[in-house]
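*Asks:* In terms of numbering that gives the first Met the number 0, the sequence shown has 146 at position 147, counting the first letter as 1, and numbering is strictly consecutive.
Keep in mind the hints are simulated off the structure, nothing from the lab. It cannot be assumed that every hint is accurate.
Claimed, not checked - Only pairs whose alpha carbons sit at most 25 Å apart, straight line, appear in this in silico DSS-like list of lysine-lysine:
#1 Lys154 - Lys107
#2 Lys231 - Lys121
#3 Lys182 - Lys231
#4 Lys107 - Lys121
#5 Lys182 - Lys154
#6 Lys107 - Lys176
#7 Lys231 - Lys176
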Amino acid sequence: MTNPSKDNPQLTRRAAMKTLASASAVAAISAPAIHAADKAGKKNALVGEGEHTYECLHDWGMDSLPAGAHYGNASHGVTIDSAGLIYITHYGDPGSIFVFDPDGKFVKSMGDFHQQADSDGKSKNGRGHGIDLRTEGGEEFIYLSASESSLDFVKMNLAGEIVWRKGREALHEVSGKYPADAKYRPTNVSFSPDGGYFLGDGYGSGIIHQFDKDDNYLRTIGEVGTENGQFKTPHGQWLDERDGTAKLVVADRANERLQWFDMEGNHLETLGGFLFPADIDIAGEVMLVPDLHCRVTLLDKDNQVITHLGEDAAWRERALDGFKMRGQRENWLPGKFIHPHDACFDADGNIFVTEWVSTGRVTKLRKVG
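Given only the sequences and the hints, what does the whole structure look like? Please build it.
*Replies:* And the structure:
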């Protein structure tokens, strides 16, 4: 993996991937096929078309988990550091983050401060949700949202040492958005080019908070609703600079759309045609949108659909039937997604997908096109 520049304190891990992706636009494809590698089923399934064809390596890293380690009820977020280590947030144990090397070998667990007692009052499991990395002053830092009202939003270094943490009370103090009756369950974090960041309260009050590079509160973006500039579960967001200007793009999940805003929080554009978009990543001119409803979408620089990886209407109908499929591992099929919750590119153009399924699942989509 190419190392982020040590001289740019605002460089994110995902921004570092931009120069590594293809710059050519690809024509829209409405429903690409899933290929069977051979009738015997000995080879991995392929998804996509042309230069966007990927080999599905399901349950990547699962075999290397140490005894007793598990994803619990879900694998949630994914990000990659400059050394190529992959960080997966989860609802399991130990900690709330599992770290793997590029070959899928387990390295360590982290984030035990994002554990919470289960309903039995005895055991504890992680509550890891949103995660991303940024290089600041030559050092990489992890930003974590736990998606639980009682747990803090945290910034820490790669050794797991907490730099700062803030919870509901601290956010209310600066924003005034959290009186006693207000909901609060943050889902994700993203960065602005000047060193600031955005914290999305997707499962809580359906708003996004913006902070500057010195961690000062600037503004809150949005409110609950269906109009432009309003949200219903702003589950994930990212920085979109593909046209040369900095924009915040938001996965407005329950409204089945993406929305774009400028760096002052003004609404710019809305794009529909999604099912349940969960998060966003960008490499070069390609935008990646994991969709909780069984597919992963790639968009070109003009936000036209390149391909829906794993698109299969019949499979989606099965998987969304009461959401029971997420717990029926025996019925999962090669090349089919159940509930993609986050995804990101690595330096080689491969894609890592985490899914909201019982037992957790990480799929590496190895680029072969």
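*Asks:* The structure should be examined with respect to each hint, and the outcome stated for every one.
*Replies:* Each hint tested on the structure:
| no. | hint | verdict |
| --- | --- | --- |
| 1 | Lys154 - Lys107 | 18 Å, holds |
| 2 | Lys231 - Lys121 | 34 Å, violated |
| 3 | Lys182 - Lys231 | 13 Å, holds |
| 4 | Lys107 - Lys121 | 24 Å, holds |
| 5 | Lys182 - Lys154 | 22 Å, holds |
| 6 | Lys107 - Lys176 | 37 Å, violated |
| 7 | Lys231 - Lys176 | 17 Å, holds |
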